[in-house]
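Protein chains: 2
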Amino acid sequence: MKSKPLAAALLFALGAGYAAAALAQVKPEILVKQRQAKMVLQAKYFGPLAAMAQGKAPYNATVIARNAGYLAVLGEMAWDGYDASTKDVKSRTLPVAYSNADKFKQAQQHFESAVGQLVAAAKGGDEAKVKAAIGGVGKSCGSCHDDFREN
Amino acid sequence: MKSKPLAAALLFALGAGYAAAALAQVKPEILVKQRQAKMVLQAKYFGPLAAMAQGKAPYNATVIARNAGYLAVLGEMAWDGYDASTKDVKSRTLPVAYSNADKFKQAQQHFESAVGQLVAAAKGGDEAKVKAAIGGVGKSCGSCHDDFREN
Numbered sequence: 001m002k003s004k005p006l007a008a009a010l011l012f013a014l015g016a017g018y019a020a021a022a023l024a025q026v027k028p029e030i031l032v033k034q035r036q037a038k039m040v041l042q043a044k045y046f047g048p049l050a051a052m053a054q055g056k057a058p059y060n061a062t063v064i065a066r067n068a069g070y071l072a073v074l075g076e077m078a079w080d081g082y083d084a085s086t087k088d089v090k091s092r093t094l095p096v097a098y099s100n101a102d103k104f105k106q107a108q109q110h111f112e113s114a115v116g117q118l119v120a121a122a123k124g125g126d127e128a129k130v131k132a133a134i135g136g137v138g139k140s141c142g143s144c145h146d147d148f149r150e151n
Numbered sequence: 152m153k154s155k156p157l158a159a160a161l162l163f164a165l166g167a168g169y170a171a172a173a174l175a176q177v178k179p180e181i182l183v184k185q186r187q188a189k190m191v192l193q194a195k196y197f198g199p200l201a202a203m204a205q206g207k208a209p210y211n212a213t214v215i216a217r218n219a220g221y222l223a224v225l226g227e228m229a230w231d232g233y234d235a236s237t238k239d240v241k242s243r244t245l246p247v248a249y250s251n252a253d254k255f256k257q258a259q260q261h262f263e264s265a266v267g268q269l270v271a272a273a274k275g276g277d278e279a280k281v282k283a284a285i286g287g288v289g290k291s292c293g294s295c296h297d298d299f300r301e302n
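So the sequences go chain by chain: D and E.
Final position of the first sequence in my numbering is 151; the numbers increase by one with none missing.
Final position of the second sequence in my numbering is 302; the numbers increase by one with none missing.
In short, the hints are calculated from the structure, not lab data.
A couple of the hints might just be wrong.
[Said to hold, decoys possible] Distance windows between CB atoms, simulated: (1) Arg92(D) with Glu278(E): 19 to 29 Å; (2) Val89(D) with Asp297(E): 27 to 37 Å; (3) Gln109(D) with Asn211(E): 17 to 27 Å; (4) Ala61(D) with Lys274(E): 29 to 39 Å; (5) Asp297(E) with Trp79(D): 30 to 40 Å.
We put the beta carbon where it would ideally sit given N, CA and C, even for glycine.
Excised from the complex, chain D in its bound form (with noise of 0.2 Å):
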């Protein structure tokens, strides 16, 4: 690569794809991956905690405080995704999200809010009041797939 031009190597390394989105409005189909992306690594990492609460995997405090805390900075990345310009765009979901888009915003701010008190409950430590914590983000996803998600 030494040997490339610096804007060249960036290029090449993102992808032309993705530069060219990064210079001009993000294409719809782009923000759709980008936001089914981050529902990918949110499942990711909350699945194990999620067993961890039905008591189906052993209980890892230590794997919960690291996990909280990617689905904390994951939380905030990823609304962006379901701009207006993606309603047209072939996903899971549903029209409402864009229609109500004020009922939506608060069932991504009851996701955050849960996973805060997650947070918090790792740092504290008790057992209990992390599994309720758990329950609280799984009930938190549930209820906006409900209203937002086609099943």
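Please build the complex by placing chain E on the supplied structure of chain D, with the hints as guidance.
Using the frame of chain D, we list chain E on its own:
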């Protein structure tokens, strides 16, 4: 959701596939999907920075600091997805990523180190240093893609 038992609510929230995955060895196909999701988000948050470093988008120190922080967290998240169990799953990852795991690990550490330098530069606030550090991250992406990704 209130009438559903917690376990059912969590399973619902996660989707059966993810919940099952959390309870046992994660399936190779899911590991690949998760690592690809991380790459999508890395591109999302690195793309605008590359554009700024190339002078193709207005320099924005706030966005740079935020995205650098996201990239640091994403950098932590991801490498477990390149488990040996995934080597036969269709993806752009080249066989050498599995056969020369040490070299692949070095490339991952190169990326994380470059992101660490960007985080530090963003805190320092010197635009020239920040742009150089963005270039360093881009090079680390590119050299890893050169060696370990099908083009």
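So, going through the hints one by one against the coordinates:
1. Arg92(D) with Glu278(E): 19 to 29 Å: violated, 42 Å
2. Val89(D) with Asp297(E): 27 to 37 Å: holds, 32 Å
3. Gln109(D) with Asn211(E): 17 to 27 Å: Holds: the Cβ-Cβ distance is about 25 Å, inside 17 to 27 Å.
4. Ala61(D) with Lys274(E): 29 to 39 Å: At roughly 30 Å between Cβ atoms, Lys274(E) and Ala61(D) fall inside 29 to 39 Å, so the hint holds.
5. Asp297(E) with Trp79(D): 30 to 40 Å: holds, 34 Å
Hint 1 from the earlier list is the only one contradicted by this structure; the remaining hints agree with it.
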